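Colleague: Since the structure of chain A is already known, use the hints to place chain B on it.
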Amino acid sequence: DAGITQSPRHKVTETGTPVTLRCHQTENHRYMYWYRQDPGHGLRLIHYSYGVKDTDKGEVSDGYSVSRSKTEDFLLTLESATSSQTSVYFCAIKGSGDTQYFGPGTRLTVL
Amino acid sequence: DQQVKQNSPSLSVQEGRISILNCDYTNSMFDYFLWYKKYPAEGPTFLISISSIKDKNEDGRFTVFLNKSAKHLSLHIVPSQPGDSAVYFCAAEAGNMLTFGGGTRLMVKP
Numbered sequence: 001d002a003g004i005t006q007s008p009r010h011k012v013t014e015t016g017t018p019v020t021l022r023c024h025q026t027e028n029h030r031y032m033y034w035y036r037q038d039p040g041h042g043l044r045l046i047h048y049s050y051g052v053k054d055t056d057k058g059e060v061s062d063g064y065s066v067s068r069s070k071t072e073d074f075l076l077t078l079e080s081a082t083s084s085q086t087s088v089y090f091c092a093i094k095g096s097g098d099t100q101y102f103g104p105g106t107r108l109t110v111l
Numbered sequence: 001d002q003q004v005k006q007n008s009p010s011l012s013v014q015e016g017r018i019s020i021l022n023c024d025y026t027n028s029m030f031d032y033f034l035w036y037k038k039y040p041a042e043g044p045t046f047l048i049s050i051s052s053i054k055d056k057n058e059d060g061r062f063t064v065f066l067n068k069s070a071k072h073l074s075l076h077i078v079p080s081q082p083g084d085s086a087v088y089f090c091a092a093e094a095g096n097m098l099t100f101g102g103g104t105r106l107m108v109k110p
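Read top to bottom, the protein sequences are chains A and B. Counting from 1, one number per residue, gives the positions in the first sequence under the working numbering. Counting from 1, one number per residue, gives the positions in the second sequence under the working numbering.
Since the hints were derived computationally from the structure, they do not count as laboratory data. From a predicted model like this one, the values you see are computed outputs, not experimental measurements. Some clues are possibly wrong.
Derived DSSO-like pairs (lysine-lysine); straight-line CA-CA distance at most 30 Å [stated by the list, open to error]:
id, chain 1, residue 1, chain 2, residue 2
1, B, K5, B, K68
2, A, K57, B, K37
3, A, K57, B, K5
4, B, K54, B, K68
5, A, K57, B, K109
6, A, K70, A, K57
Same shape as in the complex, but just chain A (with noise of 0.2 Å):
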C-alpha cells in the first residue's frame, strides 16, 4: 500500500458535463500519473507532474487537464465529458526504486 487513495471510486456522468478525478497520496512522493485502461490497450498515460505546479503530457492527453497544487494531491479534470472518455482511470506515484505504485481506480461512465 502506497498511501494512494482516489475520489470517487465511480462516477456516472453525462456527456459535455465537466468532471474532476482526485488523487491523493501521503508520503511526499515527487512523481504522480494519470492513466486510462481500457480493452486491449493496457494502461496509457494522460498527464504526469514531477513537482507543485510542473506537469506534463503523456500519450493520450487530449481532453484532459490536470493541476497540483499541493504535493499530495493531482486532479484530473475532463473539461467536457464524452463517451469515449468512459474508462478506468489509476493515478499512481514513484515510489523507491523508480516503480510506480498504483491507487485503487475510478471507473468513468459517460452517458
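Modeller: Positioned in the frame of chain A, the structure of chain B alone reads:
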C-alpha cells in the same frame, strides 16, 4: 504504433506447472522494465522489475528475464498457483514515463 506488446491475450496452465508470460518492445531507450499483476476492480500491483543492465532478476516464485538484443522480456512463475490467476501487464520505462503492454490474462487451473 505499440512500443510494448504482449502478443498472448490469455494463457491457461495447470496448478504446479510453470507459467511463462512474454513481452516485446521496440524502443531502445527503455532502461527499466516491470511486471504488474491486476485483479478485477483493483489497481495494478507491482510484481518484479529488471534494469536494462541485467538479464535476470528473481524474487521467490517469480523470475524476469531480459534479452536486450531481441528486445524481449519474459516472466516465469514457478510453481503456478490458482491465486496467480489475474491479468499481467509488462511495462517499460524511459524518461520517468511507463509504457504498458496490452496485458495477458493468466488462468491457473487446480
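Colleague: Any hints this thing doesn't respect? Which numbers, in order?
Modeller: Violated: hint 5 alone.
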